[in-house]
Amino acid sequence: MNRREREAAVRRSMDRSPPRVPPGLCADAVRRGGRLLRRRTAARRLLWLLLLAAAVAFAVWALAVQPWVAPPSETTPPLTDW
Amino acid sequence: MRARHAARDARRAREFEAFVAGAAGRLLHAATLLTAEPPDDNPRALRLLTRALADTYARWDRLRGEDPYDRVRCHLVTRFARDLRHRYGVPGRARRRPAGPLAALGPRERLVVVLRLYEGVAEEQAAALLGLPRERVDTLCARATATLWSARGSGDGARPATVTAPGGGTRS
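Protein chains in written order, with UniProt numbering: chain A, 1 to 82; chain B, 1 to 172.
Next comes chain A alone, as it looks inside the complex (with noise of 0.2 Å):
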């Protein structure tokens, strides 16, 4: 017996008394897929919200403090030789 002739009686046994599919199965898939969906939905929702109030954020501390403004100098050179 060939390892050929094995793997069609495999797959011969394989082909017998297929299971019943059960009449809710669609409902149930969608079911839980939608609740998938959504939930993934939120969360994306939720990540760009979080963006949006980090960028809103970082323009309010920036406009307030002016980082890029270079501070007024607070010493002076000594005066000497006057």
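FYI, nobody ran anything at the bench for these hints, they're computed from the structure. The structure presented is a predicted model; accordingly, all values stated were derived computationally and were not measured. Positions of the beta carbon are idealized from the N, C-alpha and C atoms, including for glycine. One thing to keep in mind: the hints can contain errors.
What the hints assert, rightly or not - If you only want the chain B side, here are some residues facing chain A, beta carbon under 10 Å, derived:
#, residue
1, L46
2, R51
3, G106
4, P107
5, R116
6, R152
Following the hints, position chain B against chain A.
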């Protein structure tokens, strides 16, 4: 905006229902072979398949031409393999006696046999899906068919005492 969403939901549900109507029988058969449950009492296979179908439904709009059947099968197989690794024999839950045509095989051999012989997936693809080298898939398949061949007629569910040596020595 809301109307467009509703229309998309309806279209998705319609397409998905058509897909399930066409593919569920074969997929459930594959899942039942994987879990080695009797065809009329297969809660684990049903759970696996429902989860895989739900995942496919959730990304139905973003499949971009990918075959949903392939996607469900891939999910089914990786999920089964992961469950094998993580909770092989949950304490407190008695493992059921394997049944069905692949009862004489271990779970990994069942994976290979279902992918290669029932689904007809190419060896390279099956190897990539399972994360095994191609030669290993070949060996597992050969060993599994030999086991099944020698177990035939000896009753359902009995694992034979002699398992042929690995390494392709069973090929003729």
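For each hint, the structure was consulted:
1. L46: With Cβ-Cβ at 7 Å, under 10 Å, it holds.
2. R51: holds, 7 Å
3. G106: With a minimum Cβ separation of about 15 Å from chain A (threshold 10 Å), the hint on G106(B) is violated.
4. P107: violated, 16 Å
5. R116: The hint holds - R116(B) has a Cβ within 10 Å of chain A, the shortest such distance being about 8 Å.
6. R152: With a minimum Cβ separation of about 7 Å from chain A (threshold 10 Å), the hint on R152(B) holds.
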